[in-house]
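S.K.: As given, the protein sequences belong to chains A and B, one line each in that order.
Heads up: the first sequence runs through residues 58 to 153, numbered per our numbering.
Heads up: the second sequence runs through residues 431 to 703, numbered per our numbering.
Calculated directly from the structure, the hints in this document are not laboratory data.
Mixed in with the good hints there might be a few duds.
Stated by the list, open to error - Which chain A residues face chain B? A few, computed with CB under 10 angstroms, are given here:
#1 ASN74
#2 ARG108
#3 SER143
Each residue gets a CB set at the ideal place from its N, CA and C atoms; glycine is no exception.
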Amino acid sequence: MSNWVQAMPTAEAYGLNKVLFQLHHSAGDLARYQDNASAYLDAFALSAAARAAILGNEVAQLYLLGCNPYLLRAHCIGMRIPEDQSLAALRSAARS
Amino acid sequence: MARITGIFAASHTPVMLNFPQAIEPALRSEVFSAFSDLGQAIAAAQPQALVVLSDDHVHNFFLNNLPSLCIGAAEHYPTPVEHWLKAEKRVLPGDARLGAYLLQHAMAHDFDPSLSMELTLDHGILTPLELAGVGRELPVVPVLINCVQPPLPSMARCHAFGRWLGQALRAYEGLERVAILATGGLSHDLATPRMGLVNEDFDRRFLELLEAGDAAGAVAHARDQVHLAGNGGEEVRMWLAALGAADGAPFVRRFYQPVSGWYTGIGLGHWAC
């Protein structure tokens with residue numbers, strides 16, 4: 058097993074990572090996202106799969122799409138996804 | 431000429447600050463004591479500046495511009511950058527002059543680190559300083575190595591970069607005493623299906639190779655086995671850079687425990703300068 062899903066980020070992963078980076082580094086963005094996630098995401102070029110994964114807090118899918126692990130971790134903490142839930146989701150990704 | 435009066439290495443994880451209670455009190459106390467002892471050793475080295483080798487965990491840098499190596503040359507470094515880290519916000523003093531010297535010396539000696547004159551430092555640097563109780567007046571120079579997003583610099587390159595760093599510091603005329611703190615690792619996996627698994631065998635072998643003074647073996651072990659040590663295990667690059675800077679000085683293991691409750695193999699050590 059590699060430490061990384063992608064040896065080089067895909068364009069799709071770039072878009073996804075850009076959302077997570079901005080959510081957790083730009084003041085007010087997380088609150089705006091939590092207020093209306095769909096409207097927030099309209100400003101980004103995302104694949105349908107990436108958009109669905111982030112909207113649904115689908116941790117396993119975000120991982121498989123090439124989310125940077127540090128951004129994904131920050132997102133789980135920032136979105137207050139329970140630790141046991143995010144760990145279980147990640148472990149399910151190994152079986153997919 | 432400056433003397434390197436101490437070269438230290440320590441793991442870092444935000445869990446130490448955010449969820450310290452996730453492990454048993456006895457083990458927690460053991461780890462925190464090891465950090466406190468490390469702080470005393472750093473203080474005993476009486477450095478006038480501390481070069482901190484760490485990685486930026488995708489805070490200052492993003493995929494639009496991601497340096498493999500970066501040296502800070504700022505007079506101040508606010509920290510922490512993470513809104514979710516349970517740590518008091520503060521500003522670390524920087525040694526801009528030493529940072530500028532290192533950047534210029536690196537370029538003249540065939541390394542090409544990026545320049546940054548504005549960094550907001552993250553848990554990688556703050557956590558060990560906080561736990562070790564390193565004096566808040568000690569100026570730092572952050573030296574950041576990309577361990578967080580492939581493509582990553584090779585293990586051998588990081589070791590060679592550290593060798594250059596040691597030579598550059600010893601040739602520096604601006605201070606009498608400097609120290610190095612390398613932070614990161616050992617094995618851990620973050621936001622992957624293996625998160626929580628610590629590869630104790632990887633860690634112990636790595637530490638044994640350092641203790642044996644086998645630099646080539648340590649580089650090869652890291653290169654060939656890091657895929658079993660987790661994405662956080664990629665941070666052994668900082669230890670390899672410190673090994674290079676130590677230039678053959680013996681390594682002393684101060685502490686190691688696989689702390690799965692904190693998701694991390696926690697190691698601390700120093701090179702006897």
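S.K.: Which of the listed hints are not met by the structure?
M.R.: 2
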